[in-house]
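Q: Sequence:
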Amino acid sequence: MFYFLSKSALQFGKHTAAVSPTHKLFSFHLSPSTITLRFFISTLENPSELSFAASYLISKLGFSPESALSASKHLNFKTPEKPDSVIHIFKHYGFSQVQTFKLVKKYPRVLSCNPEKTLLPKLEFFHSKGVSNKDIAHILCTYPQILVRSLENCITLNFNFLSNLLQSNDKTIAAAKRYSPILYHTADRFLKPCVDILEEYRVPKKHIASLVHRWPRSVMMSPNHLRRIVGEVRKMGCDPLKPQFTTAVMVMSLLSESGWERRLGLYKSWGWSEEDVLAAFIKEPWCMMTSDDKIMAVMDFLVNNMDCEPSFIAKKPYLLKPGLKTTFIPRASVVHFLLSERLIEKKPNLVTLFLCSEKMFLEKFVYRFEEAPQLLKLYAAALSSAHRLFSFQHSPSIITLRFFISTLENPNKQSFAASYLIIKFGFSPESALSASKHLNFKTPDNPDLVIHMFQHYGLSQEQIFKLVKKFPRVLSCKPEKTLLPKLKFFHSKGMSGNDIAHILCAHPCILNRSLENQIILNFNFLVSLLESNDRTITAVRRYSPILYHKTDIYLKPCVDILEEYGVPQKHIATLVYRSPRSVMMSPNHLRRIVETVREIGCDPLKPHFTTAVMVMGLLSKSGWERRLGVYKSWGWSEEDVLAAFIKEPWCMMTSDDKIMAVMDFLVNNMDCEPSFIAKKPYLLKPGLKTTFIPRASVVHFLLSERLIEKKPNLVTLFLCSEKMFLEKFVYRFEEAPQLLKLYNEKLNLSKMRVAGKDKYC
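Using numbering that gives the first Met the number 0, you'd call the opening residue of the sequence shown number 0 and step up by one each time.
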């Protein structure tokens, strides 16, 4: 009997629903397992199974039950006073909720510390040394164990030793931020012996201080290990009196043997010998810390685009230091222009070109060529272009680099439009060439006006980029004749800049449609149906193509079909408002859906009819079959599923995970029969963590304290409004004032972490 329609006839992409923020417990389990859910509920039913400390970690800080149990083994508090005081102290010192959570997550034992005796003196010490609240939070969140070290015998001694070495509290704070354990281990274990070894090898104190300030981790290793590294660096030929010596020590302490061998192989692939690599390392130790991708890209650039011999680079390894997009490409573009215009006769010295300061480069290669005022613009454009292009490719391929440089060397090889897309919007060369085939501008005037117009109407740079990326042809539109009238029309109808940006970024092709013969007609048709400009704007935001296609192709015929089947106009309006995509499909396809929904037994006069049409329009056949299987696994028959669908069509749009979790909750924790849920499918609608678990916790408490004799009606319990729930199950029990606190704790489990997405809301 059930005839399901595939969605092949739908004209547009898949619908995506908004998802609400997660609560703390389940933000760590985007699809919480049934075991985790049962564990959580069992602790509500039998709170004695959890220690007070574990319960505190769950309710106050959002620990998962498993990690709370593990952490609570090392905690000895049985009342909230001490941990609350600890949290209050951190809050007083500027810690955010997230930072406090992070600190406790790393080191739960901090909650058992004596706030006044153990924590406060250390926080006051840091403050007295000029450590800001932000820096204190950074240091302690990175390594909270510092808080259990002796203030007098460890932290103060370490800080003073560092301050004496670096001759500055600010530098000491910076070093502690870079490697917080430097305050944890007593100075005579790592720090002092390592400094002594460097002094023993005659490394100047200012170089040691620079090493500790820049890379404190280098002096926080086994002294014997450091001695081996220092000896090895000296054997290579590094002079302990030069600054490169401590840099070499730092690099050798960070680089694994396999990392060294890999870099060695890369340089050898460019013709360097092992002696060349060692000589380069002595001159510029950081050449062995440069990433493999950058080594290959810069060597390719210098050898194949700047005609540089690999042996020359081996002698000048500092040439590997500048950035491709910040130095090499922009400066090379200027030099290529100067050579092509014969403003200079030969390529300049590469060390001068790429290693001089920005100020010197501009004076030497830009400002002095007054006959070429476009040079500065070219440099700025190339700088912006390289930054945009390679910000999308952290490791740009050699092919892409060569392509990009070739366009700088031979600008005539590509159209102005392609160059504009690369420089202004960071298009890849390939996509710029493809898009430029449909663009006809040869100067920046028209596209610049288009961009300016979008900016005037409140579109951000990112939104303009997104719009142009989707629809490059917009840059060839006439700003005054094609774009401005449409933007003015949207504005006149009450659309904000944010609304306009959202609609055009979603479907920029709208700008190519006729204002009089299409956009206005579509908008007015929607207004007449929805009886409101605001509701029309919302519908357009939800599905922008509704303004793109003529009303007589999809919109009007689909509305006519619904009216033909006797669907009340107010229900049609609700459907168009909530899910405009549902009336933007082939009319024949919609007719088949409507007929199927009616055959199932849905009444066209009821609001559920249009909801069922919406669901059937969105759900694929495989999706329907999968949901059917999930419900059958709980003992529902196919007839039960269809009956539930008629009562609550959204039950077939609920995710598989949520169906399983809610069914498990209701059946195994609330003693509810699956057949009862089949008759009340709207019970599947509330969120686990926003409704089921908080309200269940209150009911379990009321039952355990014998304040009520039996479980309340589940529909009343879980589907009543928040106000009614509080009045019926919380406020009236004056003998249990802790009820409201219990409810709020369970309800607010996610206040610490709200960034994730969850299927359960």
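Misleading hints may appear alongside valid ones.
No farther apart than 25 angstroms at their CA atoms in a straight line, the calculated lysine-lysine pairs in the PhoX-like style are these [unchecked claim]:
| hint | residue 1 | residue 2 |
| --- | --- | --- |
| 1 | Lys204 | Lys133 |
| 2 | Lys241 | Lys191 |
| 3 | Lys646 | Lys631 |
| 4 | Lys657 | Lys678 |
| 5 | Lys555 | Lys631 |
| 6 | Lys204 | Lys170 |
| 7 | Lys620 | Lys631 |
| 8 | Lys293 | Lys234 |
| 9 | Lys709 | Lys727 |
| 10 | Lys549 | Lys492 |
| 11 | Lys679 | Lys657 |
| 12 | Lys376 | Lys346 |
| 13 | Lys101 | Lys204 |
| 14 | Lys549 | Lys469 |
| 15 | Lys191 | Lys170 |
| 16 | Lys241 | Lys128 |
| 17 | Lys436 | Lys492 |
| 18 | Lys363 | Lys345 |
| 19 | Lys423 | Lys492 |
| 20 | Lys176 | Lys90 |
| 21 | Lys423 | Lys376 |
| 22 | Lys72 | Lys133 |
| 23 | Lys436 | Lys480 |
| 24 | Lys81 | Lys101 |
| 25 | Lys679 | Lys646 |
| 26 | Lys555 | Lys492 |
| 27 | Lys722 | Lys740 |
| 28 | Lys315 | Lys376 |
| 29 | Lys358 | Lys320 |
What the hints contain is simulated information worked out from the structure, not anything from laboratory work.
Q: May I ask which of the numbered hints given earlier this structure violates, with the numbers listed in increasing order?
A: 1, 5, 8, 13, 16, 17, 19, 22, 28
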